[in-house]
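A.B. asks: Residue-level listing of the chains:
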Amino acid sequence: ETGVTQTPRHLVMGMTNKKSLKCEQHLGHNAMYWYKQSAKKPLELMFVYNFKEQTENNSVPSRFSPECPNSSHLFLHLHTLQPEDSALYLCASSQVEGTYEQYFGPGTRLTVT
Amino acid sequence: AQKVTQAQTEISVVEKEDVTLDCVYETRDTTYYLFWYKQPPSGELVFLIRRNSFDEQNEISGRYSWNFQKSTSSFNFTITASQVVDSAVYFCALSTSGTYKYIFGTGTRLKVLA
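Here the protein sequences line up with chains A and B, keeping their order.
My numbering applies: residue -8 is where the first sequence begins, and numbers increase by one.
My numbering applies: residue 22 is where the second sequence begins, and numbers increase by one.
There may be inaccurate statements among the hints.
[To be verified] Cut-off 30 Å, straight-line C-alpha distance, at most; resulting in silico cross-link-like pairs (DSS-like, lysine-lysine):
hint	chain 1	residue 1	chain 2	residue 2
1	A	K32	A	K9
2	B	K59	A	K32
3	B	K132	A	K32
4	A	K9	B	K122
5	A	K27	B	K37
6	B	K132	A	K27
7	B	K24	A	K32
8	B	K122	A	K31
9	A	K43	B	K59
10	A	K27	A	K43
11	B	K24	A	K43
12	B	K122	A	K10
13	B	K122	A	K13
14	A	K32	A	K43
15	A	K27	A	K9
16	B	K122	A	K43
17	B	K24	A	K31
18	B	K122	B	K24
19	A	K43	A	K10
20	B	K132	A	K10
Derived by calculation from the structure, the hints in this document are not laboratory data.
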């Protein structure tokens, strides 16, 4: 595997379900990000992890819970979601220092019913 | 305040036409980075280019070229002889020195018609 991978690619869940999104980067980066992309809205940064430490939480509701066990893996745990949480969730990684290019995964298309 | 504006929401061109996507940014920092990303229908954002604030040289890569002008705070992207495969949403982003967070524009959807 190369680059940034995300699983699953598509997820349909009910409002009472609990599920997790997984992201893995194979680029040797030390920062990882979760973004939310809704229709007709700008990309929203949700969380940032820098060397496994969370450094940013952009006022994200507690029904989204991130986990970063190491610098290569990032999870987003979901529970009690709302229909408005339906969106494309993108993971990205980058070096913390330098020129900051972020490399994105293919995203998970989440539908909350 | 930092901001990225992509005023063109959607552009449609016929194949082989040239098209320019506009990006205007705001920042008070003297050191910053500008980026362009392409998001095809598959969803993944693909990195196209990075430009730092001290390098105003224009860049050409195949059919793609970028015009960075600090005087107008613009970083425009031109596709020459567009192709159907260029159809995507294109995002401009800004990152300032000392931070690895991006400020994205709202994107421009480009449709290239055969």
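A.B. asks: May I ask which of the numbered hints given earlier this structure violates, with the numbers listed in increasing order?
C.D. replies: Failing hints, ascending: 5 and 20.
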